[in-house]
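Peer 1: Residue numbers (this note's numbering), protein chains in the order written: chain A, 1 to 411; chain B, 1 to 438; chain C, 1 to 232.
Just so you know, these hints were derived from the structure itself, not from any lab.
Treat the hints with caution; some may be incorrect.
Okay, derived cross-link-like pairs now, PhoX-like style, lysine-lysine, Cα gap no bigger than 25 Å in a straight line [claimed, not checked]: (1) A:227 / B:340; (2) A:95 / C:134; (3) A:189 / A:227; (4) C:131 / C:204; (5) B:417 / A:246; (6) A:95 / C:131; (7) A:95 / A:246; (8) C:134 / A:272; (9) C:195 / A:73; (10) A:95 / C:204; (11) B:340 / B:56; (12) A:227 / A:185; (13) A:246 / A:227; (14) A:246 / A:73; (15) C:78 / A:95.
According to the in silico footprint, chain C covers these stretches of chain A (three or more CB under 8 Å from chain C) [said to hold, decoys possible]: (16) 193-205; (17) 253-264; (18) 269-278.
Ideal Cβ positions, reconstructed from N, Cα and C, are used throughout, including at glycine.
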Amino acid sequence: MSAPTGEDTKNISHLAPSNRENSDQGETERKNVGGNDLTFENPDKTYLDSNELIINMGPQHPATHGVLRVILKLDGEKVLGTECVIGYLHRGVEKIAENRTYTMFNPYVDRMDYVAAVSNGLGYCEAVEKLLNVEATPRAKYIRVILTELNRIASHQLWLGTHALDIGAMTPLFYTFRDREEILKIFEKYCGARLTTHAFRIGGCQYETYAGFEKEVKNFLTFVAPKIDEYETLLTTNRIWMERTKNVGVISAADAIALGVTGPVLRASGVKWDLRKAQPYAAYSEFDFEIPVGTNGDTYDRYLVRMAEMRQSLRIIEQAVNSIPEGPIMAKVPKVIKPPVGEIYHSIESPKGELGYFIVSDGSTQPYRLRVRPPSFVNLQALDIMVRGLLVADVVAVIGTIDIVLGEVDR
Amino acid sequence: MPNMIAIWMPNFIMSYLGSTVTPGEAGSQFWALIYVLIIFAGVSVAVMSMNWLERKALAHFQIRLGPMRVGPHGLLQPIADALKLMLKEDIIPSEADQFVFWVAPLIGLLAAFTVYTVIPFGPSQAVSDMNIGILFMLGVSSLGVLGVVVAGWASNSHYPLIGALRSSAQMVSYEVAMGLAVVSAILMTSLNEKGTGTLSMIGIVRAQEQQGIWFIFKFFPLGLIAFIVFAIAMIAETNRAPFDMAEAESELTAGYHTEYSGLRWSLFMLAEYAAMIAVSSIAVTLWLGGWMRPFVRLLHGPSWDFIFSLFPGLTFLGLAAIAFVGVLRMPAHSFFKIQKIGLEAFGGLLGFIALMLLVIAIAGRSQDPSIGSRLNESIGYIYWFLLKVAVFMYLFIWYRATWPRYRFDQLMRVGWKVLLPISLAVLIVTAIVGVLVA
Amino acid sequence: MAEDAKTPAPPPPPEGEKKPSAEMPAAPVSNAPVKPVAPAPPAKPAVPADSTTPPKPAAPAKPTGPVPLLWSSPLVEKYRSQYGTALEGQTYLGQNYLTVKSELIPNILRLLRDEEQFDYCVDITAVHYPKREKQFDVVWILYSFPRNERLRVTTQIADGASIPSSVSIWPTANWLEREVYDMFGIQFDGHPDLKRILLPDGWKGFPLRKDYGILQQDKEWVQINLGIESGQ
């Protein structure tokens with residue numbers, strides 16, 4: 001892991017497309033990292049003096065994972081620049097938060113990253129708990145860890161299926177959805193909802209686990225471990241998959257840090273950083289697991305990192321289920337949640353990256369200001385640096401590999 | 001199928017069945033027309049059933065059921081689809097070039113169907129036997145790209161344009177490797193006493209008959225390599241996964257037919273599937289011995305002929321059995337009554353065909369030139385040809401279920417840097433080996 | 001900066017009809033003299049007027065809550081010796097933050113990155129205190145990979161004032177600053193492409209300001225672009 005050496009954006013902008021021998025195109029100079037200007041020169045205009053093609057990808061497009069709109073500036077098939085137009089799913093979550101009590105706002109967070117709703121809930125509840133200066137009970141923490149890690153697997157499974165579909169492999173999608181279903185069944189049995197779970201409460205968990213919860217989770221662990229191998233047999237050593245993903249969408253560690261990229265994307269670039277280890281929350285400090293990291297920071301490494309993360313999640317769940325303590329599931333929390341005046345920032349490692357909540361309390365029952373630090377939003381910013389100089393097909397692959405959920409990008 | 005008509009018009013049929021040349025060669029305009037009509041109907045039906053099969057097979061690859069609602073096991077789904085597509089609103093974008101937009105699917109369709117005039121389903125079971133058959137086929141089938149290019153251009157939209165450009169580049173690159181692979185097969189036809197090869201499709205199969213070996217096994221592994229080059233190139237030619245750049249739905253929404261809808265869109269689909277069958281037919285003709293049954297050298301004699309002639313009937317019997325097993329496995333619920341009856345009827349139909357084929361096989365086992373034996377022979381030819389083509393069609397589905405899509409530059413790299421040198425090398429080595437052997 | 005939360009009470013939200021009062025300033029005032037922030041004694045929080053549920057009478061034996069403490073660390077000492085009272089280090093519930101004057105902003109952030117290894121800008125956001133003279137708190141949440149430490153930097157700016165952009169320090173600030181601009185109308189000088197990010201380009205008003213009601217919307221925009229009377 002290294003600190004960014006760049007003095008300003010110019011240094012950063014020279015870093016990214018370092019090894020792209022795969023697609024034999026020359027380097028294109030970029031003037032701006034954020035990629036908001038589409039006015040820059042294409043230096044290798046040696047063959048034909050042709051016009052650039054500006055193509056509008058999305059917001060209705062099969063591969064933009066929702067209502068993301070990317071304006072591509074193309075030279076033939078080569079991407080000269082991108083501009084993301086987001087906000088089509090903007091619901092003003094932060095404004096809603098200011099007009100709801102802390103408890104009333106809890107279900108809303110599930111609607112941000114609806115693929116990993118449990119993680120959102122965990123982050124929010126922990127942030128408010130921190131503001132209240134209370135701590136969840138040990139049993140609640142374990143349940144939280146189990147559900148959150150299950151959700152991480154579900155999120156990665158959905159990512160894998162859609163990502164593979166973007167690259168043209170149809171079949172993994174159905175395999176992953178089949179297995180994700182088992183997780184959703186556990187959620188449904190636990191809290192009645194499959195997707196937007198609202199599983200946790202401020203101070204603990206909403207429900208005690210149902211009878212046979214541990215057994216079902218254990219059954220799931222033995223069920224899903226060979227399935228993950230099955231996905232890998234379809235893709236990991238598949239020649240076309242490797243050609244499509246290796247050296248595609250490369251982002252160096254320095255670039256990734258400078259752009260605030262977190263989660264598997266950062267880890268694939270070789271930065272061994274996971275909030276579960278770096279600043280443990282819930283009960284993560286009690287479990288033994290590893291942080292998978294990549295080396296090249298390309299799409300293939302991100303794929304491998306996520307596959308390894310699923311296995312690590314299985315390890316965590318196994319430890320948690322085997323040692324889940326008895327006790328109450330709710331800490332002593334006042335009925336009316338009125339945190340003292342103050343502000344707090346708390347973040348967790350969601351499947352997408354660092355999901356943070358910055359809450360300013362004015363001592364009333366409602367947050368004075370609630371800011372969500374969405375990992376997808378920040379990671380999406382790296383799209384431009386990752387796809388410049390690649391081909392149209394790679395844009396799709398890179399959007400998939402960043403693993404965005406537009407509900408979270410737009411909030 | 002011609003054998004159905006044969007029951008009513010024995011003499012007339014005999015005049016045709018007795019012929020050993022194609023109607024086109026014999027100058028029989030009437031039979032040629034009948035043939036064209038049969039092929040047109042047959043290919044359309046084949047495309048529809050291919051549609052159903054692809055959806056079902058793909059579904060089972062992907063642990064789903066596929067169409068199950070329209071008819072028993074979705075058997076009527078292609079018909080429902082066709083009806084739906086015909087009734088859909090026909091949208092032409094206002095900015096599109098109306099005439100070209102209108103004519104584009106027809107070009108693709110015409111090219112795909114014209115190819116069938118020279119496909120030899122049997123020694124006399126072709127519309128015509130052109131002495132430049134293979135050139136005609138390659139030429140006409142590559143006209144299909146014109147439809148794609150024109151469609152992409154006429155749509156006046158970016159995605160179709162990119163799709164069309166990809167498609168044309170792809171076709172041009174793979175045509176080269178494909179052509180060279182074909183040339184090495186044609187070289188192999190010249191390994192006879194006279195030393196003259198042929199470009200005629202029937203002649204190519206005849207050459208394999210005379211040499212007693214399918215060209216895929218000729219000069220092992222040269223024939224096999226050339227065949228593999230051809231098999232890869234033909235997937236690229238037909239824009240199928242993993243080379244479906246032109247319509248890559250995750251990148252270009254739907255590629256060249258993004259702006260098409262309804263009937264016009266279905267014409268593109270028809271053309272695509274017809275082209276798939278056509279290129280598979282070329283592959284079968286060139287490498288897999290066309291209409292020849294397997295082990296024609298090894299297992300010869302009247303009894304072996306008889307055993308192999310039972311295959312068509314047994315195949316249909318097997319299909320009928322599958323249908324009846326399907327009936328048995330249906331839930332015992334009144335909702336499934338009609339479905340059960342439908343599947344039973346379908347199984348019955350298959351069983352009836354199986355019975356007919358078996359009867360013909362048994363009746364026509366003698367060597368004398370009766371209707372029965374002639375019919376039996378024709379059925380054998382067509383059966384083995386279609387079976388080989390069906391293997392290719394299944395492979396098309398299998399590829400689609402298994403592989404991710406190539407990227408455009410990688411596709412070009414495979415075409416120019418891998419397939420082209422290989423096919424050139426195979427061609428040269430084949431020529432040298434051929435000279436040495438001769 | 002937590003103490004600032006006590007001074008203002010959020011105003012009653014203007015209901016749907018009201019046009020947003022805050023417009024984009026034509027000429028941003030830069031480097032306006034800023035009063036040093038002095039830690040004010042903790043005051044009782046004002047009861048928000050716009051609460052949908054009326055505040056209950058004090059919950060049973062509610063603890064008074066933790067108070068922000070002065071944060072003494074080599075980092076703060078170093079910069080205090082450099083900048084004096086323009087910079088204040090505090091800690092609340094174990095989270096450290098620096099309250100700085102807005103003139104220091106680009107420099108202190110750059111120093112934090114270069115000298116203190118705060119190489120990762122987690123988030124940039126703002127808080128609106130309409131009753132205050134300097135209406136906005138701008139907050140940088142920073143993290144240091146080598147030190148595994150978080151730090152918040154807070155500054156106050158007035159409505160219409162602008163603040164130097166930190167895109168040249170952390171490229172990630174690009175979208176984050178755009179979002180702050182989009183939601184609060186705070187101008188960032190030197191931002192390469194400061195325009196709305198989540199809301200449509202022609203939208204009027206800045207929704208996360210406290211005077212922007214939750215039902216309020218840009219009716220004109222909705223009518224022109226969506227062709228309907230109401231976006232709700």
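Peer 1: All hints, please: hold or fail.
Peer 2: Hint-by-hint comparison with the structure:
no. : hint          : result
1   : A:227 / B:340 : violated (36 Å)
2   : A:95 / C:134  : holds (21 Å)
3   : A:189 / A:227 : holds (22 Å)
4   : C:131 / C:204 : holds (22 Å)
5   : B:417 / A:246 : holds (20 Å)
6   : A:95 / C:131  : holds (18 Å)
7   : A:95 / A:246  : violated (42 Å)
8   : C:134 / A:272 : violated (41 Å)
9   : C:195 / A:73  : holds (20 Å)
10  : A:95 / C:204  : holds (16 Å)
11  : B:340 / B:56  : holds (19 Å)
12  : A:227 / A:185 : holds (17 Å)
13  : A:246 / A:227 : holds (24 Å)
14  : A:246 / A:73  : holds (23 Å)
15  : C:78 / A:95   : violated (38 Å)
16  : 193-205       : violated (count 0)
17  : 253-264       : holds (count 5)
18  : 269-278       : holds (count 3)
The structure fails hints 1, 7, 8, 15 and 16 (numbered hints given earlier, in ascending order).
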